[in-house]
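Undergrad: Sequences are here, hints too, so could you generate the full structure?
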Amino acid sequence: MSEVLTTEDQLLANFEGWLNQRFEASSSLRAIKEAGAENFKKLGLPSRKSEAYKYTPITKVIEKNFDLDIAESPSDLTKSDCEAKFYQDADANHLVFINGVFVEDYSKIISASSELTIKVLDDQAINEHVELKSNLGQVNGSQVDPFAALNLAYFNQGVFIKAEKNTDNKNTYIYQFIDGSKQTVLFPRVFVYGAAGSRTTVYEKTFISGEENSLNISIVESMVEANAEVRFTKLQNYTNKAYAIEGVYAHQDKDSRFYTNTFSFKGAVVRNNVYINIDAENCEGHMNGLYQLSGKTHVDTNTSVDHLKPHSYSNELYKGILDENSRGVFNGKIYVRPDAQKTNAFQSNNNILLTDTATINTKPQLEIWADDVQCSHGCTTGQMDEEAIFYLRSRGIEKTNAKALLLNAFANEALNELQNDLVKEEIEGIILNKLK
Amino acid sequence: MSKDDQILEEFTSKEYEHGWSVDFEADEAPAGINEDIIRFISAKKEEPQWLLDWRLKAFKKWTEMKEPRWPNVKYPDIDYQGVKYYSAPKQDKKPKSLDEVDPELLKTFERLGISLTEQKRLTGVAVDAVIDSVSVATTFKETLSELGIIFCSFSEAVQEHPELVKKYLGSVVPATDNYFAALNSAVFSDGSFCYIPSGVRCPMELSTYFRINAANTGQFERTLIVAEEGSYVSYLEGCTAPQRDENQLHAAVVEIYAAKDAEVKYSTVQNWYPGDKNGKGGIYNFVTKRGICDGDNSKISWTQVETGSAVTWKYPSCILKGDNSQGEFYSVAVTNNYQQADTGTKMIHIGKNTKSRIVSKGISAGKSQNSYRGQVHIMKRAENARNFSQCDSLLMGDKCGAHTFPYIDVENNSAQVEHEATTSKIGEDQIFYCQQRGIDEESAVALIVNGFAKEVMSKLPMEFAVEAQKLLALTLEGSVG
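Heads up: the protein sequence lines correspond to chains A and B, in order.
One point on numbering: in our numbering, the residue at position 1 of the first sequence is 1, and numbering is uninterrupted.
One point on numbering: in our numbering, the residue at position 396 of the second sequence is 396, and numbering is uninterrupted.
Derived by calculation from the structure, the hints in this document are not laboratory data.
Yeah, the Cβ is synthetic: ideal placement off N, Cα and C, and Gly gets one too.
It is possible that some hints are incorrect.
[As the list claims (entries may be wrong)] If you want the footprint, here are the derived chain B segments under chain A, 3+ residues with CB under 8 angstroms: (1) 173-181; (2) 396-406.
[To be verified] With the Cβ distance kept under 7 angstroms, some of the chain A side facing chain B (calculated, not the full set): (3) N361; (4) D371; (5) N412.
[Stated by the list, open to error] Per the computed footprint, the stretches of chain A lying under chain B, defined by three or more beta-carbons under 8 angstroms from a beta-carbon of chain B, are: (6) 121-127; (7) 341-355; (8) 363-369.
TA: And the structure:
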């Protein structure tokens with residue numbers, strides 16, 4: 001089973017065999033995966049001319065850097081190795097993924113199943129949970145991105161997280177361990193289902209070891225039922241050999257709230273697709289993010305908020321600090337469909353370039369078909385304010401410290417929706433460290 | 001039916017004012033495009049060989065190109081072989097003065113409200129009128145030539161100043177720049193040429209008036225403006241077309257070259273026939289406009305008021321190559337009924353300390369779609385570049401759409417780039433405020449919308465501002481309900 005990741009056909013060449021090894025002909029998951037492969041074939045890998053991947057020629061990157069086996073590679077990591085990396089939060093669930101596969105044995109799940117179901121996303125889960133069966137791979141936007149389709153075809157043992165009705169749940173941490181001692185491509189998948197009136201909070205963090213290239217094609221899907229709340233936060237502090245194409249797709253029902261935070265610091269090429277579908281009234285959708293990059297890191301953020309129904313609110317704030325030869329790409333879309341009157345949608349993207357070798361490509365896009373709405377987007381790109389630096393220096397603060405102070409304040413705004421002190425402290429630490 | 005609905009109804013059922021055609025004999029090429037047609041046009045114009053070669057090269061490239069479909073507009077496929085690429089009002093010989101111009105033709109312009117004689121006497125605006133692709137008459141030529149300014153039809157320029165035309169033609173918009181520019185380069189039949197020698201400040205506004213008259217014709221004019229060192233010119237362009245059921249194609253190219261310390265101001269009031277209220281007919285307006293600030297401290301300013309055309313696809317752009325050069329783009333785009341507009345600008349910052357400013361106001365009503373698409377590109381060498389963009393949209397009614405696609409690419413850390421966009425409708429509180437002070441609803445709407453577009457309108461030259469305001473008022477009265 002050695003597939004060469006060059007073209008769509010080659011990618012799927014051994015798909016049948018891969019599938020046969022793992023799934024019975026009668027498996028419901030098998031049918032879903034076959035549909036995923038079919039969809040991937042139809043969509044094809046993005047070419048240079050695809051608008052969605054205009055500034056990130058991802059297909060080229062993959063062709064150039066990978067010659068991979070799509071088998072999940074085993075790892076020598078032990079349970080205690082993993083546990084050592086857990087956040088010091090005893091009253092929480094800790095889930096371990098190794099090379100894109102959910103390892104239940106290594107995970108620590110303390111929530112009662114009457115409140116929060118956490119189980120392997122496999123045939124059994126699909127047969128037991130009709131809401132999973134009907135929505136897996138169907139959540140908005142995940143049908144239009146070829147990598148989401150590819151993940152659907154190849155993911156093996158993701159995790160299914162379901163908050164039962166009217167439960168307020170403990171934090172759930174997901175740790176992705178990637179063994180980069182040899183080239184890997186991995187397909188982790190997470191499905192978060194927030195039943196009516198529930199509250200769920202999930203944090204994801206990735207650890208990469210080894211010196212080889214890794215390609216992480218990760219998908220998170222979330223269905224948020226009426227009056228439920230889901231918060232999903234992702235920390236991307238990878239290595240210079242790590243390539244990632246990650247998607248967060250959410251669908252909101254009435255009176256629901258969805259929050260997503262993405263913090264990107266390091267990686268070779270990272271692409272984030274964040275799509276929220278607001279398909280009911282009185283919803284709130286929040287997207288926040290920070291990309292603080294250096295070296296040759298390339299982070300491409302592609303977001304979309306689709307307002308389909310009236311009386312909803314969305315807010316989006318992305319901040320970027322670009323140092324050395326890094327490149328930031330931001331494409332934010334807001335759609336307000338004809339029925340979505342009284343929508344309030346806001347989007348803001350602010351960037352600071354620290355060197356003249358850093359580049360930013362930003363495209364804040366509004367598409368509006370309803371008249372009684374308030375929508376705005378703002379986008380700035382600039383440098384540090386000399387006067388502010390002078391002010392601080394005149395008060396005895398050294399130039400580098402003054403700069404760090406100002407940049408830290410700039411970056412911190414992106415942390416506004418982050419409620420977890422442990423994660424917040426860690427991220428603040430990374431920000432400060434990078435400013436030194 | 002409420003009062004508002006009535007007003008809206010009245011407005012939406014308003015017929016296109018300029019929708020009439022005059023029957024004068026036209027000298028036409030058969031429909032279709034091929035090398036022979038191009039040779040025919042070129043021969044008709046008695047063009048030199050190099051220009052014919054240039055056209056043929058563009059045509060060859062055009063046949064290899066694909067029609068762009070990325071703009072946010074929808075229209076049925078255009079039958080390029082069904083279009084007549086050359087249609088000239090028939091004249092026995094070239095008129096020497098206005099008195100010799102076909103009186104029928106002059107009447108046309110009078111109906112348009114731009115009587116050449118009238119303008120000559122009253123406003124002091126020099127007009128070059130282009131009807132169905134061919135330049136008809138140019139006023140004030142002598143006054144201008146005393147200053148060394150050349151303002152004439154394109155074909156005349158080819159005959160009399162071939163060295164200038166050869167030097168600048170295609171220097172800003174290459175023949176193969178894009179699909180429609182290539183088509184234009186192959187078949188353009190006339191247009192205006194304007195040359196301001198160095199140090200001359202053009203004493204009057206130069207103006208071109210375009211009109212498509214014959215059925216089934218396309219209009220492919222080409223404007224070339226060259227401003228030499230330290231010169232200044234303000235250029236106006238206006239257009240109308242008769243009302244017809246079929247769609248007509250307008251693919252123009254405008255090139256502006258600004259040398260050191262030169263300043264060019266280009267204003268357009270575009271009022272092509274937009275189609276009827278069911279979206280039938282109307283002009284497809286696919287225009288390439290670009291200026292280059294080649295010398296240091298030069299400046300190019302685009303101002304446009306777009307009210308017509310069924311489909312508009314147009315991005316007047318500035319290449320800011322000289323240090324300290326400036327580019328400006330002010331636009332009001334109004335769409336109604338089934339009109340679609342995808343318009344905006346490109347500001348390419350290459351030189352140091354370059355500045356650009358974009359103010360775009362989109363107003364959509366009826367079932368129209370209005371898009372702003374723009375790019376601000378700060379290149380690596382562009383130290384201390386500065387850009388400010390503002391795109392505001394106003395929606396009237398719940399069947400229309402407003403879209404914004406700004407591309408911002410920054411490669412230099414000393415650049416300061418700001419973009420902001422808002423979309424809203426006219427606030428009830430604003431109207432209430434006006435009504436409280438005794439201003440009726442209709443006037444309140446006009447007041448608010450005029451305020452909305454004021455920043456752009458104030459950039460228009462006097463003569464145009466009046467026309468533009470009238471056009472705006474037509475579109476906007478009573479559209480809030």
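Undergrad: What are the numbers of the hints the structure violates, in ascending order?
TA: Per hint list: 1, 5 and 6 violated.
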